[in-house]
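**Student:** Residue strings, one per chain:
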Amino acid sequence: MSNEDGPVKATQVKLVLLGEAAVGKSSLVMRFCSNDFNENTSPTIGAAFLTQKCRLENRIVKFEIWDTAGQERFHSLAPMYYRNAAAAVVVYDITKASSLEKAKAWVKELQRQANPNIVIALVGNKLDLVSDESGASVAPKSKPAAEEPANEAEESETDAEDDATPPPPATTAAAGDDSSDSLRQVSKEEADEYAKEAKLLFFEASAKTGANVSELFTEIAKNIPDETPTKPAAAQGQAGRRNGARQGADSGVDLGERQQGKKGGCC
Amino acid sequence: MDEEYDVIVLGTGLTECILSGLLSVDGQKVLHMDRNDYYGGDSASLNLTQLYQKFRQTGPSENLNLGRDRDYAVDLIPKFILSSGELTRMLVHTDVTRYLEFKVIAGSYVYRDGKISKVPSTEMEAVRSPLMGLFEKRRAKNFFQYLQNWKEEDPATHQGLDINKCSMKDVYTKFGLEAGTQDFIGHAMALWLDDDYITKPARATVDRIILYTQSMARYGKSPYIYPLYGLGELPQAFARLSAIYGGTYMLDKKIESVNVGEDGKFTGVTSAGETVKAKKVIGDPSYFGAGQDLESGGKVRVIETGKVIRAICLLKHPIPGTDEADSCQIIIPQNQVGRKNDIYIAAVSSAHNVAAQNVWIAIVSTIVETSVPEREILPALQLLGNVLDKFVSITPLYSPTSPGTADNIYITKSYDATSHFETVVEDVFDVWQRVKGEKLVLKKREVEVEA
Numbered sequence: 001m002s003n004e005d006g007p008v009k010a011t012q013v014k015l016v017l018l019g020e021a022a023v024g025k026s027s028l029v030m031r032f033c034s035n036d037f038n039e040n041t042s043p044t045i046g047a048a049f050l051t052q053k054c055r056l057e058n059r060i061v062k063f064e065i066w067d068t069a070g071q072e073r074f075h076s077l078a079p080m081y082y083r084n085a086a087a088a089v090v091v092y093d094i095t096k097a098s099s100l101e102k103a104k105a106w107v108k109e110l111q112r113q114a115n116p117n118i119v120i121a122l123v124g125n126k127l128d129l130v131s132d133e134s135g136a137s138v139a140p141k142s143k144p145a146a147e148e149p150a151n152e153a154e155e156s157e158t159d160a161e162d163d164a165t166p167p168p169p170a171t172t173a174a175a176g177d178d179s180s181d182s183l184r185q186v187s188k189e190e191a192d193e194y195a196k197e198a199k200l201l202f203f204e205a206s207a208k209t210g211a212n213v214s215e216l217f218t219e220i221a222k223n224i225p226d227e228t229p230t231k232p233a234a235a236q237g238q239a240g241r242r243n244g245a246r247q248g249a250d251s252g253v254d255l256g257e258r259q260q261g262k263k264g265g266c267c
Numbered sequence: 001m002d003e004e005y006d007v008i009v010l011g012t013g014l015t016e017c018i019l020s021g022l023l024s025v026d027g028q029k030v031l032h033m034d035r036n037d038y039y040g041g042d043s044a045s046l047n048l049t050q051l052y053q054k055f056r057q058t059g060p061s062e063n064l065n066l067g068r069d070r071d072y073a074v075d076l077i078p079k080f081i082l083s084s085g086e087l088t089r090m091l092v093h094t095d096v097t098r099y100l101e102f103k104v105i106a107g108s109y110v111y112r113d114g115k116i117s118k119v120p121s122t123e124m125e126a127v128r129s130p131l132m133g134l135f136e137k138r139r140a141k142n143f144f145q146y147l148q149n150w151k152e153e154d155p156a157t158h159q160g161l162d163i164n165k166c167s168m169k170d171v172y173t174k175f176g177l178e179a180g181t182q183d184f185i186g187h188a189m190a191l192w193l194d195d196d197y198i199t200k201p202a203r204a205t206v207d208r209i210i211l212y213t214q215s216m217a218r219y220g221k222s223p224y225i226y227p228l229y230g231l232g233e234l235p236q237a238f239a240r241l242s243a244i245y246g247g248t249y250m251l252d253k254k255i256e257s258v259n260v261g262e263d264g265k266f267t268g269v270t271s272a273g274e275t276v277k278a279k280k281v282i283g284d285p286s287y288f289g290a291g292q293d294l295e296s297g298g299k300v301r302v303i304e305t306g307k308v309i310r311a312i313c314l315l316k317h318p319i320p321g322t323d324e325a326d327s328c329q330i331i332i333p334q335n336q337v338g339r340k341n342d343i344y345i346a347a348v349s350s351a352h353n354v355a356a357q358n359v360w361i362a363i364v365s366t367i368v369e370t371s372v373p374e375r376e377i378l379p380a381l382q383l384l385g386n387v388l389d390k391f392v393s394i395t396p397l398y399s400p401t402s403p404g405t406a407d408n409i410y411i412t413k414s415y416d417a418t419s420h421f422e423t424v425v426e427d428v429f430d431v432w433q434r435v436k437g438e439k440l441v442l443k444k445r446e447v448e449v450e451a
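Line by line, the protein sequences are chains L and U.
For the first sequence, the UniProt record's numbering gives the first residue as 1, with consecutive numbering after it.
For the second sequence, the UniProt record's numbering gives the first residue as 1, with consecutive numbering after it.
Some clues are possibly wrong.
To be verified - Simulated crosslink set (BS3-like; lysine-lysine; CA at most 30 Å straight-line):
id	chain 1	residue 1	chain 2	residue 2
1	L	LYS108	U	LYS254
2	U	LYS29	U	LYS200
3	U	LYS29	L	LYS102
4	U	LYS265	L	LYS104
5	U	LYS54	L	LYS108
If you're looking for bench data, these hints aren't it; they were derived computationally from the structure.
Please read all numbers here as calculations on a predicted model, not as lab measurements.
Only chain L is shown next, with the shape it has when bound in the complex:
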């Protein structure tokens, strides 16, 4: 983690999780934040949000990860949940076809409710359940593409598209394995095609084995604009970001005596 080499700025980013109940939203985050997995996680209780840092070549992205706290179950998520989210991870279960349909509905909801520049990643979880694929996809690790995040930041609108089109290594790795197992109900091609169409990042991952989990968050991090830009879409109605550097800074107040004492560590 922290080898503080010079002035590396940390961009704080709110990331929201979405997806049908029991697809493994919390497990993905547990894997990402504490590199841990529990076979029988009870439905999310007690955590307001977790934080985890993601180190890129030239900057650090600090995710503030919001879990649904079960409020998605009866479609009762509050608008506050989406508010100021810069990234969303929409999860489905590759062994359950209906969960992809649900994921598509969440993507629609995000496009309606959330910040128009939000980076959305579609994630097919439970890759471990479809046997040998998982091994294949973990292999190409090595944080390769941290190259040009600065350039990406400039492009803003088409960000997601650009990066989703040549999806990260995993995609190419395991295409042929689908037939080899019966549990899989959503083919990679189908989900990938939808992701391209809807301009989403796309990964198949396993919270259980850890396959593609850090890749997922790294890719999202790279797609987050470097600075909260002063472009119209982001500026309007997005006044106070949670970052220390709020623009205007006029009369915003901090109620807590302590504050910012959130949980989590960093990678």
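We have chain L; now place chain U onto it with these hints.
**Tutor:** Same frame as chain L, but now just chain U:
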């Protein structure tokens, strides 16, 4: 829905959401339902489309150039948060502050003799205030000094007044304060809505003035803070707290009946043909017959205690005389305009992410005294300048007829005409006491240590 809950909460207004959150944290199994498909009930904030739909059953009119729908969050109930008040304490203790961002309201004003002035809240400000003449300033200064130095345990600081026994009138008399000064102290600082307080023991008024001055001292410009994106964020934040501690949320559920057993005690609620069982129910008055004709044999659970008129006004300029403030509160003390109850104006703007650029939302409110309430608020409307559009509502206020301990049906109160949330929190404490049979003690949630 064959699970059984400890508590069903009906309505997602702020009072209900705070209670739901606190009960979930306490380990109760909570089911929280609302008939609407959005959070907040009466304490929701609406976008333009929802606002026009609610009041006019049409869309926003194009030629007003109000800007984007989604930039709006118009409160239905105008209230601000006293920055040293009970709601702030509750927000901090439950750690709900982490979901919200707050801004200070830019100014607090009081109306006197046809114009508005800043409310002085320290002896320094009192000395500079145009509200008082030279000699009155000295007297006011003495009064504020007295309050500042007053200590419960030190009788020397009481200067011969027992504020637990003597009336506020006695206090005013001791310092020789004029009627106009009494108006702003009692109404713009102690925030009483009428003059009943004058003959009552001074203690309550003194406490309220101290709360005001402490709140004022906290962030400077005014004693109030306000959440970005509108008050509707508050119930959502407490609902999330509840959900995080296991509370189950169902919106868009019409409640067909609140069921009681043969012993008259609550058994469950029926929604969409399904019945959910629970030991207790908490809800806002609208779920217990408020405003409806009583079915024969039905029990009267809520009564009307008064009416409030509220006028939501859209402006394209700050309120005149407020130094271009992005937000403010103006209090018109009742005596100044020959009324029994004060008139309030609460104004917010794009600075709080509740309106498009250069649009101000000013809400005028007061307790209805006559049969033509719209005429009652004219003195306030005249202070606003040109009003682009105006939405007026006259809302009855309801209170429960019984504490609910006999039948396990616990009903909250409607949001009153006060300018702040102190009475809302009082209601939370009161309902908690009724539901749990013990006093609510706010414990700080343990915060995990930073890794």
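**Student:** Now, for every hint given, state plainly whether the structure supports it.
**Tutor:** Structure-based check of each hint:
no.	hint	verdict
1	L/LYS108 - U/LYS254	26 Å, holds
2	U/LYS29 - U/LYS200	43 Å, violated
3	U/LYS29 - L/LYS102	27 Å, holds
4	U/LYS265 - L/LYS104	45 Å, violated
5	U/LYS54 - L/LYS108	26 Å, holds
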